[in-house]
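A.B. asks: Residue strings, one per chain:
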Amino acid sequence: KAGVTQTPRYLIKTRGQQVTLSCSPISGHRSVSWYQQTPGQGLQFLFEYFSETQRNKGNFPGRFSGRQFSNSRSEMNVSTLELGDSALYLCASSLDRTTNEKLFFGSGTQLSVL
Amino acid sequence: DAKTTQPPSMDCAEGRAANLPCNHSTISGNEYVYWYRQIHSQGPQYIIHGLKNNETNEMASLIITEDRKSSTLILPHATLRDTAVYYCIVSAPFKYSGAGSYQLTFGKGTKLSVIP
Chain A
10 KAGVTQTPRY LIKTRGQQVT LSCSPISGHR SVSWYQQTPG QGLQFLFEYF SETQRNKGNF
70 PGRFSGRQFS NSRSEMNVST LELGDSALYL CASSLDRTTN EKLFFGSGTQ LSVL
Chain X
1083 DAKTTQPPSM DCAEGRAANL PCNHSTISGN EYVYWYRQIH SQGPQYIIHG LKNNETNEMA
1143 SLIITEDRKS STLILPHATL RDTAVYYCIV SAPFKYSGAG SYQLTFGKGT KLSVIP
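The listed protein sequences correspond, in order, to chains A and X.
Heads up: the first sequence begins at 10 in the numbering used here, then just goes up one per residue.
Heads up: the second sequence begins at 1083 in the numbering used here, then just goes up one per residue.
Extracted from the complex, chain A is given alone in its bound form:
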């Protein structure tokens, strides 16, 4: 069974640009979560989607957005990039989160904003 796939693996952008990151969950998984990881703040929750609906959102500005498609694939978008958005963006999937399901993480997209 294929794991969580995130593309691209590395990305370099400049300030003010926007970026879209993609996540393909494990087959059959309907919940997709996004996390941001930086050396200073560690792993921080961005948002979670289930059945194309955002169920919860972390404490990030509106420049961070996401969506989920009917096949459970998810994308996240960051507009008007800032230097501080440089981070490893991680996607995780699970069957659902109504029970004590474990999360499966992808390898992440390393975003560098210059």
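Just so you know, the hints here were simulated from the structure itself, not pulled from any lab data.
Careful: at least some of the hints might be erroneous.
Below, simulated DSSO-like cross-link-like pairs (lysine-lysine); rule was C-alpha separation at most 27 Å, straight line [as the list claims (entries may be wrong)]: (1) K111(A) x K1193(X); (2) K1193(X) x K1134(X); (3) K66(A) x K1190(X); (4) K1190(X) x K1151(X); (5) K1190(X) x K1134(X); (6) K1151(X) x K1134(X); (7) K1085(X) x K1151(X); (8) K1085(X) x K1190(X); (9) K111(A) x K1085(X); (10) K22(A) x K66(A); (11) K111(A) x K66(A); (12) K1190(X) x K111(A); (13) K1085(X) x K1193(X); (14) K1151(X) x K1193(X); (15) K1085(X) x K66(A); (16) K111(A) x K1134(X); (17) K1151(X) x K111(A); (18) K1134(X) x K1085(X).
Dock chain X against chain A, hints included.
C.D. replies: Just chain X now, kept in the frame of chain A:
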């Protein structure tokens, strides 16, 4: 979700058991204890989780104290590939925590170094 406290770093000799402690004194009755680890430049990897009974799988054992205020992750025979940051997380299932509070809250974890 309850807050956890872990030592920032630990060393373990290769082949010996690694015992990683975690304090979660404010854990509530419906919160589980999860352990994840993150090897450099990779996404976190699920290890094990439990509610109140001790648990064991092919990767590790989880020992939870009777009052549930602390737990220990045990890697029985540590190898160099076990060098990673280990995160202890307590979290309630979505159906109890509700849509407004769903997430996993990662602390800074314990950096485990396995020494040859």
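A.B. asks: K1085(X) and K66(A): Cα distance at most 27 Å?
C.D. replies: holds (19 Å)
A.B. asks: Next pair to validate is K111(A) with K1193(X); report whether the Cα-Cα distance is within 27 Å.
C.D. replies: Roughly 22 Å separates the two Cα atoms, so the pair holds.
A.B. asks: Given the hint that K111(A) pairs with K1085(X), does the C-alpha gap stay at or below 27 Å?
C.D. replies: holds (19 Å)
A.B. asks: Measure nothing beyond the straight line between the CA atoms of K66(A) and K1190(X); if it is 27 Å or shorter, mark the hint as holding.
C.D. replies: holds (21 Å)
A.B. asks: Does K66(A) lie within 27 Å of K22(A) when you go C-alpha to C-alpha?
C.D. replies: holds (25 Å)
A.B. asks: For the pair supplied as a hint, K1151(X) and K1193(X), is the alpha-carbon distance within the 27 Å limit?
C.D. replies: The hint holds at about 22 Å.
A.B. asks: When you check the alpha-carbon spacing of K111(A) and K1134(X), does it fall within 27 Å?
C.D. replies: It holds: about 17 Å lies between the C-alpha atoms, which stays within 27 Å.
A.B. asks: Has the given pair, K1190(X) with K1134(X), been kept, meaning a C-alpha gap of at most 27 Å?
C.D. replies: Since the Cα atoms of K1190(X) and K1134(X) sit roughly 24 Å apart, the hinted pair holds (cutoff 27 Å).
A.B. asks: For the pair we were handed, K1190(X) and K1151(X), check the Cα-Cα distance against 27 Å.
C.D. replies: holds (19 Å)
A.B. asks: Under the criterion that the straight-line Cα-Cα distance not exceed 27 Å, is the pair K1134(X), K1085(X) satisfied?
C.D. replies: Distance of about 17 Å is within 27 Å: holds.
A.B. asks: Taking only the CA atoms, is the gap from K1151(X) to K1134(X) under or equal to 27 Å?
C.D. replies: holds (10 Å)
A.B. asks: Is the Cα-Cα distance between K1190(X) and K111(A) 27 Å or less?
C.D. replies: holds (19 Å)
In this structure, none of the earlier numbered hints is contradicted; all agree with it.
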